[in-house]
Amino acid sequence: MIKIHNLHATVDGKAILNGLDLEVADGEVHAIMGPNGSGKSTLAQVLAGRETFEVTEGSVDWDGTDLLALPAEERARAGLFLAFQYPVEIPGVSNAYFLKAAVNAIRRHRGLPEYDAMDFLARVKTEMKAVDMKEEFLYRSVNEGFSGGEKKRNEVLQMALLEPKLAVLDETDSGLDIDALKVVAEGVNRLRSPERSMIVITHYQRLLDYIVPDKVHVLSQGRIVRSGGRELALELEEHGYGWIETQPAAPAAQGGRP
Amino acid sequence: MSALDLWRERHRALAPQLPGAGLPWLARLRARALERFADEGWPTSRQEDWRHTSLAFLEQSELVAANAGDAAAAVERLRAASPDGHWLVFVGDRFAPALSAIGALPAGVTLMPLADALATEADTVEAAFGRAEDGDSPQALNAAFFTDGALLRLTRGVALEAPVHLVFLPGGEAHGRHLRNLIVADAGAAATVVEHYLPGADGSTLTTAITRIEAGPDARIDHLKLQEEAEGAIHLAGIEARQARGARFASHSLSFGAKLARNDIRTRFDGEGCEALLNGLYHVDGRRHVDHHTLIEHASPRGTSHEFYRGLLDGAGRGVFRGRIIVAQDAQRSDAMQRCDNLLLSRQAEADARPELEIYADDVKCAHGATVGQLDEDSLFYLRARGLDEPHARQLLTYAFAAEALARIGLEPLRARARSALLARLPGGELLEALA
Amino acid sequence: MSTATRPIDAFLEQEYTAGFVTEMESDTVPKGLSEDIIRMISARKNEPEFMLEWRLAAYRRWLTMRPPTWAHLRFDPIDFQDIVYYSAPKSKKDGPQSLDEVDPELLRTFDKLGVPLHERARLAGVAVDAVFDSVSVATTFKKELGEHGIIFCAFSEAVHNHPELVRKYLGTVVPPGDNYYAALNSAVFSDGSFVFVPKGVKCPMELSTYFRINARDTGQFERTLIIAEEGASVSYLEGCTAPMRDENQLHAAVVELIALDDAKIKYSTVQNWYPGDKDGIGGIYNFVTKRGDCRGARSHISWTQVETGSAITWKYPSVILRGDDSVGDFHSVALSNHRQQADTGTKMIHMGRNTKSTILSKGISAGRGSNTFRGLVKVTPRAEGARNYTQCDSLLIGDRCAAHTFPTIEVRHPSARVEHEATTSRIGEDQLFYAMQRGISAEDAVSMIVNGFCREVFKELPMEFAVEAQKLLGVSLEGSVG
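Chains as they are written, first to last, in this note's numbering: chain A, 1 to 258; chain B, 259 to 694; chain C, 695 to 1176.
To be clear, the hints were calculated from the coordinates, so they are not data collected in a lab.
Glycine included, C-beta positions come from ideal geometry on N, C-alpha and C.
Careful, some of the hints might be misleading.
Claimed, not checked - Listed next, the in silico DSS-like pairs over lysine-lysine satisfying Cα-Cα at most 27 Å (straight line):
no., chain 1, residue 1, chain 2, residue 2
1, C, Lys1041, A, Lys134
2, C, Lys1041, C, Lys862
3, C, Lys1041, A, Lys125
Stated by the list, open to error - Far from chain C by the CB rule (all over 12 Å, computed), these chain B residues:
no., residue
4, Leu321
5, Asp328
6, Ala359
The task is simple: from the sequences and hints, build the whole structure.
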């Protein structure tokens, strides 16, 4: 269970998050929607521990741990995974080496035995099949020269390998055609489980046709201004984000599935 | 008497008649420049910057005055193809009013021969002229002996729509011609300037040509130089730009003529967010020699420079390119890209390339590349498989290689002018004209 | 950029571990350089007359020369009269000696440096020549190599035992007047390694020389000559270290490689001379001339270097591609940290037909370090079908370092294809964050990126050296999966 309370964050002195509240229970999938510049990506980066952003107020409690006190790599080892909107290229470092280093860092942290080369290869090849990635991608440099779709698949592959407790997907649908979107969504759905929660950040409701959320929140000017069930996404699709601003601010909807 | 003494002698004789002779600052500058030239002499291959292009032979050579031929017809041909613009024509070392047509100028634009400007705009000229110490010794010779050129001055926010055409024909000059052009654009001003060096009817000459450009904040200067001098000509030129914050400068240097042509092109980013494009194309054949030395100084943050040079080297011709990019300390977020590609078209052609990066900042994106090679065999085969005979296929691919440089020239009439100048040099050019 | 600097600083602040001094009595000539000193050195080594004459001619030549100033290096002029040109551990007797005669203190020194010389602990499959200040103290596996007809010994030993080979090849690749430092070396060189691999023999083990500067105020001037006859092949490696001192010490070596028809020489260097402290006090001035001559058809010379040490590095291992179809390679990693300055690169001179060369240079600049790549690719008028590919990358760490790239291409034959590519990048904060978000520590992420940057060059090193090179750069070996 992650509880975000009154979160304020700035970058270069400019306020981006302005008192954001959000709770995601274990096993739930929450979608966060909002127009460009509403703070969606900032929320993802702040949760993952990027130091470019300064948290000026508020708290994030994650199963009793103060998430904000941990450096980025410890959050990752504790089970927080961010699927990047723009996965970073690391020339010269092979994908296989990178994945193995990451998986073993996390396994070490969890007190599990580290994979040797053979076990790791067997495991990674299985997961690659599931996201329809060719084996050659293992031996290419991390994300270098990957197409947009290949980068996103690589993110989902990493998520599968790292088995996070909380996954934050930052616009994983952007730049994908419909077929690639389906593959990525299937990959995500396969990982849904009662122990794992997910925050799915998206601009368009299209992704939510494939990853059906338990709740939908609308972010505007660094705060959640509306919460609801799946139907909220459809309403947004129909009326556009302008519609939110004209609606009286409703209290964040509590409760269950639509 | 040594050649250097000869220049001293000439200067003594000429000084009272040189334009601006009554201006003390200019007289002092000319005297200092002459001394500097006499001290340093012509550059030789012992100097790093002249390693591939020695001018030592100029010690011995006699200067022969050229003959302009039918200058009026030549100018008319150019004007027919580019009807717009403000035309200043120079024959030999002087402005030729009868051939020129400056036309109507918007308010805030000064455009006139430099010799006249020394009388009416002396302060502007002094501020923009440069110093006796600038550049290598040929530039000092130019400062000592210059007779004319153009002054273009744009006040704040003025955009000159039509290009300024500076046309230079040789003819009658006794000691070579020494030309200087000054372009000063205040904040937000914009202009396109063409310098076109045409061959005369016969004879060949020594030309030194210095163009100085000051681009104020957010100003835009597009400069295109087309050098088509006669077979025997010696052409020594410098283009020196300074860019203030946000200024944009484009230089297109097309060097097709002369026995020996040397261009020193440099710009410096004095404020944040400047942009520069240095585009070049050169062609040599026979025993001709062309040398481009460029320098881009990223002296301020967030500057972008793109540089592309292409060379076509035929006969026993030699092409030299040295491009330096300096990114100063604290010039963060600089983005510099440089390419120099050379095509060797004959057994005796020679190419030298030195792309250089000097980087003192860390948050930068810099890359350079240089190649020397031949036409791609696969492409040749492909064209032949489609029925083109081999010579034609070669001509076509050679033109295609050069066309990339032409494509970067923004204004169509100028691009067309550059294209016909190139095609006139390439074998099978008439055939290709149809394709272009 | 706090995320970026923290791990990078840790990465860059590693200690120089080879900086100890061995207490030794030594036989040292007086400071300074003169014909007398040269005669003294030659006499100490009991050299034949031709060597002394050769040295004196080089010295006279040197007197007429000036130090080169074209390199991108800043340092006070070197006082050549303030240097000791010969210093040898006292225990060294005249002529070759067996290992059990070597001073145990010396054996302990090389042990400590990870180069065990005694029988039991020898590096498997690697023959070592150990050079301490001005002399070679021991050479291992000589007998085993001798069975194959391979000569691997100290240079001074070769002068005595194989004078005909020395006379035939010495100075034929780097003539004594080649450059200022080569002339100096030719006048005063004291020892170094000599390798001769006869016709058709593939050297069964790696050969290596370990250079150690120990004595104060002493320069090291070694000379290495490697000859591979027709069809022979050899892989040679060298390593070097020196104590930490506040004074600069001069190292001016010459290496000559000669490959006849179908021969192959692979020469690898891990250079870890003392770099000086973080304020630029002390450190070795490393002025080295290395050149290979692909004299025969289809011969192949390959230089690989990992340059992490020295206050100043001035070094351009080059290949003359004289034989038809000959091949030259240059692979380099050069790290300049703190106040280190490196001006290094290569020359590939294409002369034969269908010659090929590859240049791969990776420069890392950190702190206030300055790293310059200087290269020349020359295709002469008869070098039909010459090919060169050059890739030259710079990695910048910190905003006060400098990286320069000065390649020169000179083509005199129309069939040549020469390509040069260069890039400059830095370790991005976004790259570090991405790796950390996957649970990888920032330090490991920096190592991983630096290692990835250098990978293509490390691949070229023999295994034992690849490990040392990566340790030097503070990076862990990339997994076999990669």
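We went through each hint and held it up to the structure:
For the given pair, Lys1041(C) sits about 41 Å from Lys134(A) by alpha-carbon distance, which is inconsistent with the 27 Å threshold. Using a Cα cut-off of 27 Å, the hinted pair Lys1041(C) and Lys862(C) holds, with the two alpha carbons roughly 24 Å apart. A hinted pair counts as satisfied when its Cα atoms are at most 27 Å apart, and Lys1041(C) with Lys125(A) does not qualify at roughly 45 Å. Chain C leaves Leu321(B) outside its interface by the beta-carbon criterion, the shortest separation being 31 Å against a cut-off of 12 Å.
The Cβ of Asp328(B) lies farther than 12 Å from every Cβ of chain C, with a closest approach of about 38 Å, so its non-interface assignment holds. For Ala359(B), the requirement that its beta carbon stay farther than 12 Å from each beta carbon of chain C is met, with the minimum near 45 Å.
Against the hints set out earlier in the document, violations occur for numbers 1 and 3.
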